[in-house]
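K.L.:
Given next are the chains, with one letter for each unit.
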Amino acid sequence: MVENPRAETRADPLRPVNQPVPIEMDDNDPVRLRVKGRWLVVSAWRDRWRIDDEWWRGEEISRMYFKVLLEDGREVTIFRDLVKCGWCLQTYD
Amino acid sequence: MRVACVLIPHYAVQVEVRRSPDLQGKPVVLVHSKGSKRIIFDASPRAIGVAAGMALSTALGHCQEAVLLDADLPLYQNASNKLLDALNDVSPVIEDGGPGLVYVDVQGLSEMYGGEARMVTALLQAVPHGFAPQLGIGDGKFPAYVAATRAHYHGAAQVPEDARTYLANEPATVLPVPFKTVTRLRNFGLDHLAQIAAVGLGPMQAQFGREGRFIWELSVGVDQRPLAPRRSQEAVMEYLEFPSPSATLPSLLLAVEVLLGRIFSLAHMRGRYVRSVTLEGDCEEASSWQKSVSFRDAIGSKERVFKVLAGALDSVVLPHPLVGLRLTLGGVTGESGEQGSLFEDVRQRDQLKVAMAQMEERLGTRPPVYVVREVEPWSRIPERRHALIPFAP
Chain H
1 MVENPRAETR ADPLRPVNQP VPIEMDDNDP VRLRVKGRWL VVSAWRDRWR IDDEWWRGEE
61 ISRMYFKVLL EDGREVTIFR DLVKCGWCLQ TYD
Chain S
1001 MRVACVLIPH YAVQVEVRRS PDLQGKPVVL VHSKGSKRII FDASPRAIGV AAGMALSTAL
1061 GHCQEAVLLD ADLPLYQNAS NKLLDALNDV SPVIEDGGPG LVYVDVQGLS EMYGGEARMV
1121 TALLQAVPHG FAPQLGIGDG KFPAYVAATR AHYHGAAQVP EDARTYLANE PATVLPVPFK
1181 TVTRLRNFGL DHLAQIAAVG LGPMQAQFGR EGRFIWELSV GVDQRPLAPR RSQEAVMEYL
1241 EFPSPSATLP SLLLAVEVLL GRIFSLAHMR GRYVRSVTLE GDCEEASSWQ KSVSFRDAIG
1301 SKERVFKVLA GALDSVVLPH PLVGLRLTLG GVTGESGEQG SLFEDVRQRD QLKVAMAQME
1361 ERLGTRPPVY VVREVEPWSR IPERRHALIP FAP
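First to last, the sequence lines map onto chains H and S.
Note that our numbering numbers the first sequence so that position 2 is 2, with each residue one more than the last.
Note that our numbering numbers the second sequence so that position 174 is 1174, with each residue one more than the last.
None of these hints come from the bench; they were simulated from the model.
Mixed in with the good hints, there may be bad ones.
[Claimed, not checked] To list a few chain H residues with every Cβ distance to chain S over 12 Å, as calculated:
#1 Arg15
#2 Asn28
#3 Trp39
#4 Gly73
[Stated by the list, open to error] If the Cβ cut is set under 10 Å, some of the chain H residues that face chain S in the computed set are:
#5 Val17
#6 Asn18
#7 Gln19
#8 Pro20
#9 Ile23
#10 Val42
#11 Ser43
#12 Asp47
#13 Leu69
#14 Asp72
#15 Thr77
#16 Asp93
[What the hints assert, rightly or not] Computed list of chain H residues with no C-beta within reach of chain S, every gap over 10 Å:
#17 Arg34
#18 Ile51
#19 Trp55
#20 Trp56
#21 Ile61
#22 Cys85
#23 Gly86
Glycine included, each C-beta is placed from N, C-alpha and C at the ideal position.
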């Protein structure tokens, strides 16, 4: 049994919700992606849009979002970070 | 990707002929209403000059001896579902391409059936009796579709290795693009796929954009579109026969209540929720009536489903007396998709306060319980919109 460390669980005053979750993609376009260690083929692209924001700050945000249908029937939203060149999973309502 | 296309031309007419065999060999024309217009839904090949989408008055000008019938859309949908279920038994990945058109992923399937000939036989035999399917096999949906259009009834055709030559004489109308695009292609003198292929990718892309690339690739036999697999949904269905034909709302609601009671008393429906309901009424010597309602949230009780349905049926006028009613609950799920709030009910709030005090005592610190608050709900960046703040009861 893990002993209770009795350490204080510090709560930050504000914690962002819906943070991007990094994923692996084996191409420049969303064709096959890896979520939780499992490779999944993208069956179809449902939508695509781009956001560019906060360019006046030090760290600008530039993302290309894709709403895609996975082979297991799930519809997810992913984006390519055009500044840091990585792929992430994120809900976009 | 190896794809088989199962094509049943004039599917709706074939369904009608299956129901009433005396229509066999007659120029059957199915008509449905679009607003105030009467439009042709489907027509048998014997109704010469009549095509789907044509106005009824124009169609009658072409074929005066046509046998006119009201299109029974629920009947065709049911027949389509049966066809899809049957083909799903042959291959796990199929795509519903519309009435009488199914794409089947046959990659590696021939090995399973002991050769391509046996696989073709299995696919053709899976089609319910009474239809005349045509099968096409090719690398991609479009070449497979063209091969299916060239196959004989109950037969199959395969796209040869040189798909470009095979497709060359096909008219531009065969392309799966809007009619407006076909008209533009014709305005450029591009009537056949061979002409489009000869133009080259660059000029096609320059003139038609992304669609130009798609069209050019299809014209040379390349179709990279993946199959959109059919999603199977769990559904529960019950049927009731009226003692006498009925067209009144109270009797319809009574039947709905009885059917809902039957379904929700089933052992496997205990604790289950549903997302949609479809009512199909069988009419005497007339096309059937259908009404579908999708719920905003999944519902898990007979009373709530009935309440929503009663509201939706309030303004319904039945076109003919019903002799039977079929109720199908779709999207059966084990979860409600609803999350109750811990923070709204005052009594629960007090209980939570006590529970948090106990946890604080046990952990030696404030328990990590948070509430979600809007921060910048207008932000285009999703993670900026909401935040968790520590909950203080």
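K.L.:
Was the hint right that Asn18/H lines chain S, CB cutoff 10 Å?
P.N.:
At about 5 Å, which falls below the 10 Å cut-off, the nearest Cβ of chain S leaves the hint on Asn18/H intact, so it holds.
K.L.:
Just double-check Ile61/H for me: nearest Cβ-Cβ distance to chain S has to come out over 10 Å.
P.N.:
Check fails; 6 Å does not lie beyond 10 Å.
K.L.:
Find the nearest Cβ of chain S to the Cβ of Trp39/H and say whether that gap is larger than 12 Å.
P.N.:
holds, 15 Å
K.L.:
Can Pro20/H be said to touch chain S, with a Cβ gap under 10 Å?
P.N.:
For Pro20/H, the interface hint holds, since the closest Cβ of chain S sits about 7 Å away, which is under 10 Å.
K.L.:
Taking the shortest Cβ-to-Cβ distance between Cys85/H and chain S, state whether it exceeds 10 Å.
P.N.:
holds, 18 Å
K.L.:
How about Ser43/H: closest beta carbon in chain S under 10 Å, or not?
P.N.:
Holds. Min distance 5 Å.
K.L.:
Under 10 Å, Cβ to Cβ, is where Ile23/H needs to be relative to chain S, so tell me if that hint holds or is violated.
P.N.:
violated, 15 Å
K.L.:
Let's test the interface hint: is any C-beta of chain S closer than 10 Å to that of Asp47/H?
P.N.:
Constraint on Asp47/H not satisfied, violated at 14 Å.
K.L.:
Taking C-beta pairs only, is Ile51/H more than 10 Å away from all of chain S?
P.N.:
violated, 5 Å
K.L.:
Minimum C-beta separation from Arg34/H to chain S exceeding 10 Å: can you confirm that?
P.N.:
holds, 18 Å
K.L.:
Hint check: is the beta carbon of Leu69/H less than 10 Å from a beta carbon of chain S?
P.N.:
This hint holds: Leu69/H lies near chain S, its Cβ roughly 7 Å from the closest one there, short of 10 Å.
K.L.:
Measuring Cβ to Cβ, find out whether Arg15/H lies farther than 12 Å from everything in chain S.
P.N.:
Given a closest Cβ separation of 4 Å, the condition is violated.
The structure fails to meet hints 1, 4, 9, 12, 18, 21 from the earlier list, while all remaining hints are met.
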